[in-house]
Amino acid sequence: MREFELPGPWAGLRSRPPRFEVDPAAVFAAVPELGQLHGAAHDPIHHAEGDVAVHTLRVLEALSGIEAYRALPSGERMVVALACLLHDLAKPLTMTELEGGRIGHPGHARKGARMVRRLLWGWGIPFAVREAVCGLVRLHEVPYFLMEKEDPERMAIRTSMIARCDLLSVVARADVLGRICEDQQRLLDNIALFSAQCEELGCLRAPFAFPSEHTRVVFFQDGYRSPTVEAWDDTRCEVVVLSGLPGAGKDTWLKGRCNGAPVISLDALREELGVDPSDKQGQVVSAAQERAKGYLRRGEGFCWNATNVSRSLRQRVVELARRYGARVRIVYVEAPAARLFAQNRSRPDAVPEAVLERLFRRWEVPDLTEAHAVEYAVDR
1 MREFELPGPW
11 AGLRSRPPRF
21 EVDPAAVFAA
31 VPELGQLHGA
41 AHDPIHHAEG
51 DVAVHTLRVL
61 EALSGIEAYR
71 ALPSGERMVV
81 ALACLLHDLA
91 KPLTMTELEG
101 GRIGHPGHAR
111 KGARMVRRLL
121 WGWGIPFAVR
131 EAVCGLVRLH
141 EVPYFLMEKE
151 DPERMAIRTS
161 MIARCDLLSV
171 VARADVLGRI
181 CEDQQRLLDN
191 IALFSAQCEE
201 LGCLRAPFAF
211 PSEHTRVVFF
221 QDGYRSPTVE
231 AWDDTRCEVV
241 VLSGLPGAGK
251 DTWLKGRCNG
261 APVISLDALR
271 EELGVDPSDK
281 QGQVVSAAQE
291 RAKGYLRRGE
301 GFCWNATNVS
311 RSLRQRVVEL
321 ARRYGARVRI
331 VYVEAPAARL
341 FAQNRSRPDA
351 VPEAVLERLF
361 RRWEVPDLTE
371 AHAVEYAVDR
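According to the working numbering, the sequence shown is numbered sequentially starting from 1.
Worth flagging that the hints you see were computed from the coordinates, not collected in a lab.
Here the structure is a predicted model, which means the values were calculated and not measured.
A virtual CB, placed ideally from N, CA and C, is assigned to each residue, including glycine.
Hints are all accurate, no fakes.
Here are the simulated DSS-like pairs of lysine-lysine, each with C-alpha atoms no more than 30 Å apart in a straight line:
no.: 1; residue 1: Lys-111; residue 2: Lys-149
no.: 2; residue 1: Lys-280; residue 2: Lys-111
no.: 3; residue 1: Lys-280; residue 2: Lys-255
no.: 4; residue 1: Lys-293; residue 2: Lys-255
no.: 5; residue 1: Lys-280; residue 2: Lys-293
Using C-beta positions, here's what the derived DEER-type ranges look like:
no.: 6; residue 1: Lys-280; residue 2: Arg-347; range: 18 to 24 Å
no.: 7; residue 1: Phe-145; residue 2: Glu-230; range: 28 to 34 Å
no.: 8; residue 1: Gly-260; residue 2: Gly-104; range: 48 to 54 Å
no.: 9; residue 1: Thr-96; residue 2: Gln-283; range: 34 to 40 Å
no.: 10; residue 1: Pro-262; residue 2: Trp-232; range: 25 to 31 Å
no.: 11; residue 1: Thr-252; residue 2: Glu-272; range: 20 to 26 Å
no.: 12; residue 1: Ala-29; residue 2: Gln-315; range: 40 to 46 Å
no.: 13; residue 1: Gln-283; residue 2: Pro-32; range: 39 to 45 Å
no.: 14; residue 1: Asp-222; residue 2: Phe-145; range: 22 to 28 Å
no.: 15; residue 1: Asp-43; residue 2: Gln-185; range: 17 to 23 Å
no.: 16; residue 1: Pro-262; residue 2: Asp-349; range: 18 to 24 Å
Sequences and hints are given; from them, build the entire structure.
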């Protein structure tokens, strides 16, 4: 990861030798989104140190003393520092009171990754840096419990597709050292075992190397047992699935890139059926699926043009295509925030702001566990 400059208030996270510590106080003061961490309650058993803000500051203090962090190149240190700063961003919104005075934060990691994506995108953080941070935030709890799972090998391989496992180990270690809890040593031991498992699989510093794209797809989506034995590839056509926020430039990307393949456009179908973007979309999706089935029965590839900003929406199309023996390539299209809003406003069928806000809350960038290929058409 190349070194990069952070804009505005994020400058407090610069971390270069010989000064390895960060200045989180400056960032807390300048970034309103972090203010909600103050007073956000923590579980008294797992976080006896105090609220989420206290914990976050302790994590950043612990980070600067971790030798593995200090040994990282400057750009990678910045990614880790950002992940540590933002790893619990969603806890105030997911706080749940449990029996006996306990407190939980179900789903805070995944929700937090979506919040971090929106935040860093608005600040113009480079795409590769932002997604590296989001991956670490989304999976920061995995190293604590991987070796206690039924299939730790599969989870380690999946994790490597989304985040750098060596960097994830550093974030997890700082997170544990930044808390007061009785099981701290057990968690640290589990993190060490996680690193050892990833090292053994060859995916500590890079994604696991599958023998083929199709093997990777059936491993993650069909429960294929062996990640090293090549799966038989019986695909007969390719479906291109577009993904991106309204105004990102998906229509522009499609021009001249479908090689004559038909395009199923949900926007065009909405206009054809007279359905407003803010209305229920069941009729539009059903019509699109029927057209897709017609092409797939004939073994013809096509391009599916829709926002598909969440994994669950993409998977509906991916599963449909794979049932008919198609390979799937996801093309993710993104534009900078200012341009995206301007392009959406200039469209004759501009998406209402309320709809955009709903999409932001579900915004997940596709990864290699979802399809045979993922292409990022990012204008940064």
